[in-house]
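Chains as they are written, first to last, in our numbering: chain A, 19 to 329; chain B, 287 to 680.
Treat the hints with caution; some may be incorrect.
Restraint-style ranges between C-beta atoms, simulated for each label pair [what the hints assert, rightly or not]: (1) A:Leu191 to B:Asp503: 52 to 62 Å; (2) A:Phe232 to B:Gly435: 29 to 39 Å; (3) A:Gly128 to B:Phe323: 22 to 32 Å; (4) A:Val150 to B:Arg521: 48 to 58 Å; (5) B:Arg438 to A:Ile121: 51 to 61 Å; (6) B:Phe323 to A:Ser206: 21 to 31 Å; (7) A:Phe232 to B:Arg521: 23 to 33 Å; (8) A:Gly128 to B:Ala331: 53 to 63 Å.
If you're looking for bench data, these hints aren't it; they were derived computationally from the structure. Note that beta-carbon positions come from the ideal geometry of N, C-alpha and C, so glycine has one too.
Here is what each chain is made of, one letter per residue.
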Amino acid sequence: MSAPAIPVAGPVRAGGRTKAKVDHWNTVVEVWLRGHSTIVYAFLYLPIVIVVLFSFNANRLATIWTGFTVDWYAIALKDEVVLSALRNSFSVALPNAILATLIGTAAALGLQRVPKPVRIVFDALTYVSIIVPEVVIALSTLVLFASGFSFINDLTGLRLQLGVPTIVAAHMLFNISIVLLLVRARLSGMDRTLVEASFDLYASPWRTFRQITFPQLLPAIVAGFLLAFTFSFDDYVITSFVSGPGSSTLPIFIFGQVKRGVTPETNAVATMMLFVTLALLAVGQLALARGARRTGGVQEGGMAGMIAQQR
Amino acid sequence: MSLSATPDTPLPGRRATLSERGGETPDVDIVDVTKRFGDITAVDAMRLSVARGAFYSFLGPSGCGKTTTLRMIAGFEQPTAGEIYLAGEPVAGVPPYQRNVNTVFQHYALFPHMNVAQNVGYGLRQRGTTKADEARRVGEALELVRLSGYERRRTWELSGGQQQRVALARALINQPTVLLLDEPLGALDLKLRKEMQLELKALQQEVGITFVYVTHDQEEALTMSDTIIVMHHGRIQQQGGPAELYERPVNRFVANFIGVSNPIDGKLVEHDPSTGRGVVQTDRGLRLTGLVTDPDARPAPGTEVIVAVRPERLQVEPATHAAPPADGWSSVEGRIHQGTYLGDHTEFRVATDIAGEMVARRQNAAGAAAIMGVGPGDPVVVRWEDSANLILVA
Ligand SMILES: Nc1ncnc2c1ncn2[C@@H]1O[C@H](COP(=O)(O)OP(=O)(O)OP(=O)(O)O)[C@@H](O)[C@H]1O
Ligand SMILES: [Mg+2]
Numbered sequence: 019m020s021a022p023a024i025p026v027a028g029p030v031r032a033g034g035r036t037k038a039k040v041d042h043w044n045t046v047v048e049v050w051l052r053g054h055s056t057i058v059y060a061f062l063y064l065p066i067v068i069v070v071l072f073s074f075n076a077n078r079l080a081t082i083w084t085g086f087t088v089d090w091y092a093i094a095l096k097d098e099v100v101l102s103a104l105r106n107s108f109s110v111a112l113p114n115a116i117l118a119t120l121i122g123t124a125a126a127l128g129l130q131r132v133p134k135p136v137r138i139v140f141d142a143l144t145y146v147s148i149i150v151p152e153v154v155i156a157l158s159t160l161v162l163f164a165s166g167f168s169f170i171n172d173l174t175g176l177r178l179q180l181g182v183p184t185i186v187a188a189h190m191l192f193n194i195s196i197v198l199l200l201v202r203a204r205l206s207g208m209d210r211t212l213v214e215a216s217f218d219l220y221a222s223p224w225r226t227f228r229q230i231t232f233p234q235l236l237p238a239i240v241a242g243f244l245l246a247f248t249f250s251f252d253d254y255v256i257t258s259f260v261s262g263p264g265s266s267t268l269p270i271f272i273f274g275q276v277k278r279g280v281t282p283e284t285n286a287v288a289t290m291m292l293f294v295t296l297a298l299l300a301v302g303q304l305a306l307a308r309g310a311r312r313t314g315g316v317q318e319g320g321m322a323g324m325i326a327q328q329r
Numbered sequence: 287m288s289l290s291a292t293p294d295t296p297l298p299g300r301r302a303t304l305s306e307r308g309g310e311t312p313d314v315d316i317v318d319v320t321k322r323f324g325d326i327t328a329v330d331a332m333r334l335s336v337a338r339g340a341f342y343s344f345l346g347p348s349g350c351g352k353t354t355t356l357r358m359i360a361g362f363e364q365p366t367a368g369e370i371y372l373a374g375e376p377v378a379g380v381p382p383y384q385r386n387v388n389t390v391f392q393h394y395a396l397f398p399h400m401n402v403a404q405n406v407g408y409g410l411r412q413r414g415t416t417k418a419d420e421a422r423r424v425g426e427a428l429e430l431v432r433l434s435g436y437e438r439r440r441t442w443e444l445s446g447g448q449q450q451r452v453a454l455a456r457a458l459i460n461q462p463t464v465l466l467l468d469e470p471l472g473a474l475d476l477k478l479r480k481e482m483q484l485e486l487k488a489l490q491q492e493v494g495i496t497f498v499y500v501t502h503d504q505e506e507a508l509t510m511s512d513t514i515i516v517m518h519h520g521r522i523q524q525q526g527g528p529a530e531l532y533e534r535p536v537n538r539f540v541a542n543f544i545g546v547s548n549p550i551d552g553k554l555v556e557h558d559p560s561t562g563r564g565v566v567q568t569d570r571g572l573r574l575t576g577l578v579t580d581p582d583a584r585p586a587p588g589t590e591v592i593v594a595v596r597p598e599r600l601q602v603e604p605a606t607h608a609a610p611p612a613d614g615w616s617s618v619e620g621r622i623h624q625g626t627y628l629g630d631h632t633e634f635r636v637a638t639d640i641a642g643e644m645v646a647r648r649q650n651a652a653g654a655a656a657i658m659g660v661g662p663g664d665p666v667v668v669r670w671e672d673s674a675n676l677i678l679v680a
């Protein structure tokens, strides 16, 4: 072993030196990159962590940490204003999500059957409704409601006004498009021969829809529902424009609180919102991933990829 | 076990056609069917009867209309003109889900959200078979394709060959009048393909259901079929058993598509339509006697024809030891251009003056020994019997 090792000893040592140098640089780059990404993530998440952290702060002043408590959650959940905002949030988000899912899915199925030129126009309109700035949707729906209501009220003597229904309607505008796109993506990714195979095996068009098409679409429909729900649940801009007296949702409530100084109670409400949203997104992600695995089609980047594509 | 032994839940009207069929009515009758997509004529005036219980193959190059024909039988496409009869009944306007025909798709088209048993039982469920009956027959069908015990498996966990067999079971369980298979082995590797070819053939004989198979692989068609239908540009070129197509190709397309042949150009000088015998004067002075393969052809004397000779019919002998010219034999002189040893046979390329380059194939057990030691450039004589001359008019 030692005899043949002697002639190669020199080159090995020489090689070892350069290797060490490269290693050194690699380490520096590595450390720098790690540090960099740590900073980026800290920048992204530190504010959220602080909000969550301070929702457990025993001190009334939101900025000074004195001890751990869950009292603020108890207080928030007994606060009539918070509870009413919470109720409003759900009464907006839930009907919005249900209606947007129904209409969006139906539209996606319908679009599959129209001639291509028509489809292209509708696709373009869908994309536009998603990229239009939120504040523009907010303003235009407000103008529509205000002028429409005053016209109808003058004409009929009714007293229509802004409230939960108008928020639902305004949110749906955006969410129908989201559901439509999700379901359309799924439909076009679906293997057409599956439908033919079903026809071939004696299933009528309706039975084929029920047994083949719908189960294939379900993950996208569920994901669409959850996205519609969370978008609506989180929305501030549109809601602030078209809400009326007594229809404040959680984001509106939080924003109002902040103007008077942040309290741990506000932090607690925000934290609860955060977790509801995260939980729903996780469920949606799971539904999509499961659907992709079952049908072989890969939804690039899961739900995050989808949102990124569409926003 | 056999699928046909199990009682079927008949489609309305099916039993009547079964009894009136009495082995006489063809399972599929295609009468003057044409299918156009815009300017493209995918299928052109097709006329074909598919007899009960046989294995039919459509063979032809890509785009010749094989899939279109199958899709018209299944009901996914409607003919532009003509009529298709299934078990004697015209089926124009009958949707696919009311036709007693099943398809095995090229990429199987298994339902990904159902397990193997649910996939196989799908057709039965649509026709209202009871749960117990369904379970029993699914078990039988899986046994038939050697997949017993795979009932609860997800389809995406199966190998290509297993998915293929699930697709087969899913179709066969319904006991269709005809089973349509569109290049079902196209996605499998060569070895598995060969295995599945034999397996499919055995299965077809076991269940006795008519198979209509589509392929563009001539070897596959020759291996499995009772009858091969050679198609080109939407038209049937020839229909017949494997041996018939190889021994008696009716035109140049069939002769070249199935196997290889040596073409020799010439003019027809004599033709006796009653026996098919013809005599051809080749462009370079050879006089060949052979058979005009197309029985319907009535070529005028002087018609340009091709004499095709299969490589294995050619004998190659060293010029020094060549047999003397004999009656009923043709011979031409040439030089070996190339000899390729291919295990069971050797392929010789011989450059001849009066018949161009000829390819001869000699079994190594028999003929090759005689010309061992003959290498490129050596003079040889190529000889063949008159019965090897196939005179192709079209
Ligand atoms: N839906 C369609 N619309 C337009 N043209 C079509 C359609 N289906 C088939 N064709 C055309 O009809 C011709 C025959 O097609 P077909 O699919 O039957 O060929 P094939 O013999 O199955 O070929 P391959 O071996 O490639 O599968 C082709 O020229 C094809 O382009
Ligand atoms: Mg095809």
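Does the beta carbon distance between A:Phe232 and B:Arg521 stay inside 23 to 33 Å, or does it fall outside? Violated - the Cβ-Cβ distance for A:Phe232 and B:Arg521, about 43 Å, lies outside 23 to 33 Å.
Note whether the CB distance of B:Arg438 and A:Ile121 lies within 51 to 61 Å or breaks it. Once the Cβ atoms are compared, 38 Å apart, the range 51 to 61 Å for A:Ile121 and B:Arg438 is violated.
Could you see if the CB distance from A:Phe232 to B:Gly435 stays within 29 to 39 Å? holds (30 Å)
Can you tell me whether the CB distance of A:Gly128 to B:Ala331 sits inside 53 to 63 Å? violated (40 Å)
Does the Cβ pair B:Phe323, A:Ser206 satisfy 21 to 31 Å? Holds, at about 22 Å.
Just tell me: holds or violated, for the beta carbon distance of A:Val150 and B:Arg521 against 48 to 58 Å? This hint holds: roughly 57 Å between Cβ atoms.
Range hint 22 to 32 Å (beta carbons of A:Gly128 and B:Phe323) holds or violated: Between A:Gly128 and B:Phe323, where Cβ atoms are some 26 Å apart, the hint holds.
Distance restraint evaluation - A:Leu191, B:Asp503, Cβ atoms, bounds 52 to 62 Å: Distance hint for A:Leu191, B:Asp503 holds at roughly 56 Å.
Comparing the model with each earlier hint shows violations of hints 5, 7 and 8; every other hint is respected.
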